[in-house]
Amino acid sequence: MSDAAGHAARPSRSEPDKASFWQDPVRIAQLLFPLALIALWQILSVVLGDFFVASPLASLGALLEGINDGWLGGNASVTLIALVYAYLLAVGFGIVIGFLLGLSRFAYEVFEPIVIALYALPKVALYPLFLFAFGLGIAAQAWFAMFFGVFPIIIFTMNGTRNVSQVMFKVARSLRLSRLQLFRAIVFPAILPSLVAGLRLGFGVTFLGVILSQMFAAKSGLGFILVQSVSLHDMPQLYGLVALLTLFAFLINGAFLLWERSLTRNRPMQTTAF
Amino acid sequence: MSYAARVRLTRWAVILAAIATLEFMPRLGLGDAITLIPLSEIVSELFELLTEGELMPHLLATGGAFVLSFLLAGVTGVPLGYLLWRYRPLKRTLDPYLTTYYAIPIFAFYPLLLAILGFNILPIVAISWAWAVVAVVLNTSIGFGEVPQVLIKVGRSMNLSRWQIISRIFFPAAVPYIFTGLKLGMVYSLIGVIASEFVLSTQGLGYLVSYNYLNFRTAAMYSAMFVILGLAILLNLALTRIERRLYGHV
Amino acid sequence: MQIEIKDVHKTFYSKDGEEVKAVAGVDLTVTDNEFVSVVGPSGCGKSTLLEIVGGLTGLTNGEVLIDGEPISGPHPAVGLVFQQESAFPWRTVLENVEFGLEMHGVAKGERRERSRELIELVGLKGFEDRYPGELSGGMRQRVAIARTLVMNPGVLLMDEPFGALDEQTRLILGEELLRIWSKTKATALFITHSIEEAALLSDRVLVMSARPGSIRKVVTVHLERPRDSSVVSTHEFGDIVGEIWKVLREESMKTLKSQGQI
Numbered sequence: 258m259s260d261a262a263g264h265a266a267r268p269s270r271s272e273p274d275k276a277s278f279w280q281d282p283v284r285i286a287q288l289l290f291p292l293a294l295i296a297l298w299q300i301l302s303v304v305l306g307d308f309f310v311a312s313p314l315a316s317l318g319a320l321l322e323g324i325n326d327g328w329l330g331g332n333a334s335v336t337l338i339a340l341v342y343a344y345l346l347a348v349g350f351g352i353v354i355g356f357l358l359g360l361s362r363f364a365y366e367v368f369e370p371i372v373i374a375l376y377a378l379p380k381v382a383l384y385p386l387f388l389f390a391f392g393l394g395i396a397a398q399a400w401f402a403m404f405f406g407v408f409p410i411i412i413f414t415m416n417g418t419r420n421v422s423q424v425m426f427k428v429a430r431s432l433r434l435s436r437l438q439l440f441r442a443i444v445f446p447a448i449l450p451s452l453v454a455g456l457r458l459g460f461g462v463t464f465l466g467v468i469l470s471q472m473f474a475a476k477s478g479l480g481f482i483l484v485q486s487v488s489l490h491d492m493p494q495l496y497g498l499v500a501l502l503t504l505f506a507f508l509i510n511g512a513f514l515l516w517e518r519s520l521t522r523n524r525p526m527q528t529t530a531f
Numbered sequence: 005m006s007y008a009a010r011v012r013l014t015r016w017a018v019i020l021a022a023i024a025t026l027e028f029m030p031r032l033g034l035g036d037a038i039t040l041i042p043l044s045e046i047v048s049e050l051f052e053l054l055t056e057g058e059l060m061p062h063l064l065a066t067g068g069a070f071v072l073s074f075l076l077a078g079v080t081g082v083p084l085g086y087l088l089w090r091y092r093p094l095k096r097t098l099d100p101y102l103t104t105y106y107a108i109p110i111f112a113f114y115p116l117l118l119a120i121l122g123f124n125i126l127p128i129v130a131i132s133w134a135w136a137v138v139a140v141v142l143n144t145s146i147g148f149g150e151v152p153q154v155l156i157k158v159g160r161s162m163n164l165s166r167w168q169i170i171s172r173i174f175f176p177a178a179v180p181y182i183f184t185g186l187k188l189g190m191v192y193s194l195i196g197v198i199a200s201e202f203v204l205s206t207q208g209l210g211y212l213v214s215y216n217y218l219n220f221r222t223a224a225m226y227s228a229m230f231v232i233l234g235l236a237i238l239l240n241l242a243l244t245r246i247e248r249r250l251y252g253h254v
Numbered sequence: 004m005q006i007e008i009k010d011v012h013k014t015f016y017s018k019d020g021e022e023v024k025a026v027a028g029v030d031l032t033v034t035d036n037e038f039v040s041v042v043g044p045s046g047c048g049k050s051t052l053l054e055i056v057g058g059l060t061g062l063t064n065g066e067v068l069i070d071g072e073p074i075s076g077p078h079p080a081v082g083l084v085f086q087q088e089s090a091f092p093w094r095t096v097l098e099n100v101e102f103g104l105e106m107h108g109v110a111k112g113e114r115r116e117r118s119r120e121l122i123e124l125v126g127l128k129g130f131e132d133r134y135p136g137e138l139s140g141g142m143r144q145r146v147a148i149a150r151t152l153v154m155n156p157g158v159l160l161m162d163e164p165f166g167a168l169d170e171q172t173r174l175i176l177g178e179e180l181l182r183i184w185s186k187t188k189a190t191a192l193f194i195t196h197s198i199e200e201a202a203l204l205s206d207r208v209l210v211m212s213a214r215p216g217s218i219r220k221v222v223t224v225h226l227e228r229p230r231d232s233s234v235v236s237t238h239e240f241g242d243i244v245g246e247i248w249k250v251l252r253e254e255s256m257k258t259l260k261s262q263g264q265i
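Taken in order, these protein sequences are the chains called A, B and C.
For the record, in the first sequence the residue sitting at position 81 is 338 according to my numbering, with numbers rising by one throughout.
For the record, in the second sequence the residue sitting at position 181 is 185 according to my numbering, with numbers rising by one throughout.
For the record, in the third sequence the residue sitting at position 204 is 207 according to my numbering, with numbers rising by one throughout.
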């Protein structure tokens, strides 16, 4: 059935057709893009020589060697531990602060410019403060990276909460829902898509924060190894690490994107950019 | 008192309270005496640095790298954004990668650029450009896409030439978005410059922070931090002001 | 069920502390199974009045009684339908309709059955598993109506439920609303800015004055029921519309003048 006045319903949830997937040149180009990057990398390594550019194979070899020697596993686990702590802190603080700021219009208008300004500041230069407060080590790295990553989560949670349509609250009240029901059945599902977008961006920035902090005054971690490879001019190791970090961030971000899509698939009115 | 005034007053109270905490915490003996220094002492140290001329070369180095990387990001980003909007398949192909761009720790490429380009301003400009340019590209292409079709129809109905439609309707309509992109680009290139100077370099304000930290010159370190934060805040305020003046009526 | 609105006043304060009189002295009794519409110039306080009856907004003076009992907050037997999109985009049509029953602990089998009946009644059979985002605006509003009706309300309050739709859709959905309403036996209070819609649906049409809102005129609609939208072409219908518009025009002019628009 369609609406009496000819407002046709949108077509049902369309799964991408397998045959047309391969006929769409854009899809193929999307798949080929990473391969093109690797090809470009290979060409540059030949043209510029391995003093400047280590070949993809050499870089992969350096990583495999790192696994065998144990330095890769050891340093990667330092980075991962700092990342997990930092991200848990950023998520916890970000959701709570963002939710509270989003609930009150007054609090939102007072703090929103401050939050945006803090997000835009070059916070790297404040890292020594974290070293003073938490000493050299994982704690300082985690708190610093949290300080990096918490802002996108605050901003997205805050805006998501603010954007819950007023009429939803009216529906809840006219149905005499309890506060818990209001939160669980209406506010939470309404916020979820922007929350996940915030979690995704927050993860990227937190990861950056961990790598950055380990580049400065650290004795272990992938950031530290990166800087060390520069001073040793170990090009295969350097290129291998950069590729590894990029791939890791790309995959995690992809997983978040899939989660986001599954939530917004049926909500054409809500989309997130960036 | 009007609501807007109440909001502004509360905001300033919050900011002043934060500054007061920085001043009085160390004075009251809260926090380590060596690591936390009252704000007033930092400010007087700052004046010393300024008058002795120690700060100037670093300020210039940071400023130079910042201006250069931002200009490059603008000059390359806007045309790239236009191309991306103009060629739909290109945009569709790159979309998933562009959405992922800021999730990647771009900064990990800085050591790589250092190894290729050497310890000078080039890798700093390159990484800051890379950090900034994608924001410009994305917002420019969104801006062109958001130009209402009806405006183009208005131009056509008045028999304007193709060039008139582009220069008098199309660009002005997209400019607020392009401006947003440039604003983000400016913020990102400053962050990029400070980060690279801080982590590994031989000059600039970021370097001044790390140098003073590593040499236990705490007051000098704080004053360098203050210069950085002050510049960044001024930059943000100026951009917000300009944006409001240009597009406050939109 | 019967709604009695007795000398209701509502004054609120804007965020800058200005006093705004939204409703000033409304008296109205809607009898059992009656359909009453309220029309009025924009900003006259008609939505505020509805929210007061729905228990969503407190009143400054006067009282509202449902079946002789004064209300304090949302009454269990009162159902509300809003103008804004209120179908939950994260729930399917069926899940939307059974929402209220689910929240009030009705067992799954029973709520499924009742929801399916309502979905059929509002003409959405076959769309149970679709999401609101996949439906047209008119269909989404049917979802919202079914979600309210499934609670079996004795009083149905509707705030411009078809306000966002075009004129044709509005008339045809209005006709369907009459069909659905005749089966529910609910007492209906309906807010609209469309005179035709009000005349088509109602037993009585109230015209509200410019802000602060009070009742300027009551027009009784003596058209036979069951009606359908073809009555709009009759002389009687034209007369009723004309009678409403005469008063409404004056009040709308006052509003526009006070806003400096004319």
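These aren't lab readings, by the way, just hints derived from the structure by calculation.
The beta carbon of each residue, even a glycine, is placed where N, CA and C say it ideally should be.
Treat the hints loosely; a few may be bogus.
[Unchecked claim] Far from chain A, some chain B residues (derived; all Cβ distances over 12 angstroms):
1) R12
2) R15
3) A22
4) R31
5) L32
6) E56
7) K157
8) G159
9) P176
10) A177
11) V179
12) L212
[Said to hold, decoys possible] Taking lysine to aspartate or glutamate and the EDC-like style, the derived pairs with C-alpha atoms no more than 16 angstroms apart in a straight line are:
13) K24(C) / E37(C)
14) K188(C) / D206(C)
15) K128(C) / E98(C)
16) K18(C) / E366(A)
17) K9(C) / E88(C)
18) K186(C) / D10(C)
19) K427(A) / E72(C)
20) K111(C) / E98(C)
21) K95(B) / D281(A)
How the hints compare with the structure:
A beta-carbon of chain A comes within 12 angstroms of the beta-carbon of R12(B); the shortest separation is about 9 angstroms. With a least beta-carbon separation of about 5 angstroms from chain A, R15(B) fails to lie farther than 12 angstroms from that chain, contradicting its non-interface assignment. For A22(B), the condition that its CB be more than 12 angstroms from all CB atoms of chain A is violated, with the nearest at approximately 9 angstroms. R31(B), annotated as away from the interface, keeps every beta carbon of chain A farther than 12 angstroms; the closest lies near 17 angstroms.
The Cβ of L32(B) sits about 17 angstroms from the closest Cβ of chain A, beyond the 12 angstroms cut-off, so the non-interface label holds. Here E56(B) stays apart from chain A, with its beta-carbon at least about 21 angstroms from theirs, past the 12 angstroms limit. Here K157(B) stays apart from chain A, with its beta-carbon at least about 25 angstroms from theirs, past the 12 angstroms limit. With 12 angstroms as the threshold on Cβ separation, the claim that G159(B) sits away from chain A holds: the shortest Cβ distance comes to roughly 27 angstroms.
The non-interface label for P176(B) is consistent with chain A: the shortest C-beta to C-beta separation is roughly 22 angstroms, beyond 12 angstroms. Against the 12 angstroms criterion, A177(B) stays outside the reach of chain A, whose nearest CB is about 19 angstroms from its own CB. With a minimum CB-CB distance of about 18 angstroms to chain A, V179(B) clears the 12 angstroms threshold, and the non-interface call stands. Some Cβ of chain A comes within 12 angstroms of the Cβ of L212(B); the nearest lies about 9 angstroms off, and the non-interface call is violated.
Of the pairs offered as hints, the one joining K24(C) and E37(C) is violated, with about 29 angstroms between alpha carbons and a cut-off of 16 angstroms exceeded. Among the hinted pairs, K188(C) with D206(C) is consistent with the structure: their alpha-carbon atoms are about 14 angstroms apart, no more than 16 angstroms. Under the criterion of a C-alpha separation no larger than 16 angstroms, the hint pairing K128(C) with E98(C) is consistent with the structure, at around 14 angstroms. Proposed proximity of K18(C) and E366(A) is supported: the alpha carbons are some 13 angstroms apart, at most 16 angstroms.
For the given pair, K9(C) sits about 31 angstroms from E88(C) by alpha-carbon distance, which is inconsistent with the 16 angstroms threshold. Of the supplied pair hints, the one linking K186(C) and D10(C) is violated, its CA atoms being roughly 32 angstroms apart against a limit of 16 angstroms. Between K427(A) and E72(C) the CA atoms are separated by roughly 22 angstroms; this puts the pair beyond 16 angstroms, and the hint is violated. Proximity of K111(C) to E98(C) is assessed by CA-CA distance (about 11 angstroms); at most 16 angstroms being required, the pair is judged to hold.
About 14 angstroms separates the Cα atoms of K95(B) and D281(A), which keeps this hinted pair within 16 angstroms; it holds.
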